[in-house]
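Throw the hints in and build the complete structure from the sequences for me.
Protein sequence lines correspond, in order, to chains A and B.
Numbers given in the working numbering equal positions in the first sequence, counted from 1, plus 23.
Numbers given in the working numbering equal positions in the second sequence, counted from 1, plus 103.
Hints were generated in silico from the structure; no laboratory data involved.
It is possible that some hints are incorrect.
Label pairs and their in silico Cβ distance ranges [stated by the list, open to error]:
hint : chain 1 : residue 1 : chain 2 : residue 2 : range
1    : B       : 224       : A       : 158       : 38 to 46 Å
2    : A       : 88        : B       : 173       : 37 to 45 Å
3    : B       : 195       : A       : 97        : 42 to 50 Å
4    : B       : 123       : A       : 127       : 31 to 39 Å
5    : A       : 85        : B       : 195       : 28 to 36 Å
6    : A       : 139       : B       : 189       : 17 to 25 Å
7    : B       : 114       : A       : 29        : 46 to 54 Å
8    : A       : 166       : B       : 111       : 39 to 47 Å
We treat Cβ as the ideally placed atom computed from N, Cα and C, and that holds for glycine.
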Amino acid sequence: MSELISAEARSWIGRSADPVRIEISRTDIRKYAIATEQQQAKFLNGDEAPAMFLFGALRPLIPMDQLGPDGIPPDKFLPDLPLKRVMAGGTEMQFHRPVKPGDVLIATRSLHDLVEKQGKTGPLIFVSYNLRVETEAGELVLEEKQTRIFR
Amino acid sequence: MNISEISVGDTLPERQHTATNVSLFLYNAVIWNPHRIHYDETYTTQVEKHPGVVIDGPLQGDWLNQVVVNWMGDAGQLATFNYSNRRASYLGETLTSGGAVTAFDADAGTVDVELFIKNEAGEVITPGTAQVRLG
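Below you can see the structure in the form of structure tokens.
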């Protein structure tokens, strides 16, 4: 049994956060395409969003005075864990439909699992989320399982 | 990419990526990520104890999927894409992205590829896979 993950934290598995609604803008796609050095004209022109565009577009917009000393916004959708430093872990994405300017999307995140592992420098907790993105009309756009690693 | 000539083992073009302070600033601004390990060297080394400014894991994920997206061009759509950030990478390193075809199903119209980001030591720091739906 896990020592680091409390029963209270474990009870979060399966919970969903409030859905997030975002509007996709051509200018935001073009900025993302430049910053990631895309090479396809459809991305650089903002006609279609690159595969990982929504990763940034869905990040929370939090007032400055709520950011932590590390710069990270508080994540209300996270159980209390004894490890506090976070790293990117990876992702598994299934694409159902391209994202284009003018799209209005609804994204819902749920907590998929909490797993404790032993890393080279100490214990790690892998937190995985399921993300489901649909259009306002209910058309499926993206299913994703994202992993964040706490150390 | 010519669909009629795809075979298992084909390699995808490699590309080199050298992040700079400017490119990491723009990337983190555009994804609205204020985490200081991507732009504040003093904080990164002294407080979070990294050897240098950290190249974002998802930015490597983006470079990784560009290997297959640029290879297929308009011949197909990305159906799935997976990656894991196995080792961190720091400002100043030049990374190499690439990949190879692992499966090709002409009837189903799908191509599977494996993808990698390697560091200068040749270690795969971000492995991934993708499936392309042709047509």
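Checklist entry - Okay, residue 139 (chain A) versus residue 189 (chain B) on CB: inside 17 to 25 Å? => result Given range 17 to 25 Å: holds, Cβ gap about 18 Å.
Checklist entry - Holds or violated: 39 to 47 Å for the Cβ distance of residue 166 (chain A) and residue 111 (chain B)? => result violated, 27 Å
Checklist entry - Range hint 37 to 45 Å: satisfied by the CB atoms of residue 88 (chain A) and residue 173 (chain B)? => result With Cβ atoms ~42 Å apart, the hint holds.
Item to check | Satisfaction of the hinted span 38 to 46 Å by the C-beta atoms belonging to residue 224 (chain B) and residue 158 (chain A) | outcome: Holds, at about 44 Å.
Item to check | Supplied distance hint 28 to 36 Å, evaluated on CB atoms of residue 85 (chain A) and residue 195 (chain B) | outcome: Check passed, 31 Å falls within 28 to 36 Å.
Next on the checklist: Range first: 42 to 50 Å. Now tell me if the beta carbons of residue 195 (chain B) and residue 97 (chain A) are that far apart.
Outcome noted: Violated - the Cβ-Cβ distance for residue 195 (chain B) and residue 97 (chain A), about 31 Å, lies outside 42 to 50 Å.
Item to check | residue 123 (chain B) paired with residue 127 (chain A), Cβ distance criterion 31 to 39 Å | outcome: holds, 35 Å
Item to check | Pairwise beta carbon distance, residue 114 (chain B) to residue 29 (chain A), judged against the given window 46 to 54 Å | outcome: The hint (46 to 54 Å, Cβ to Cβ) holds, given that residue 114 (chain B) and residue 29 (chain A) are roughly 47 Å apart.
When held up to the earlier numbered hints, the structure conflicts with 3, 8 and fits the remainder.
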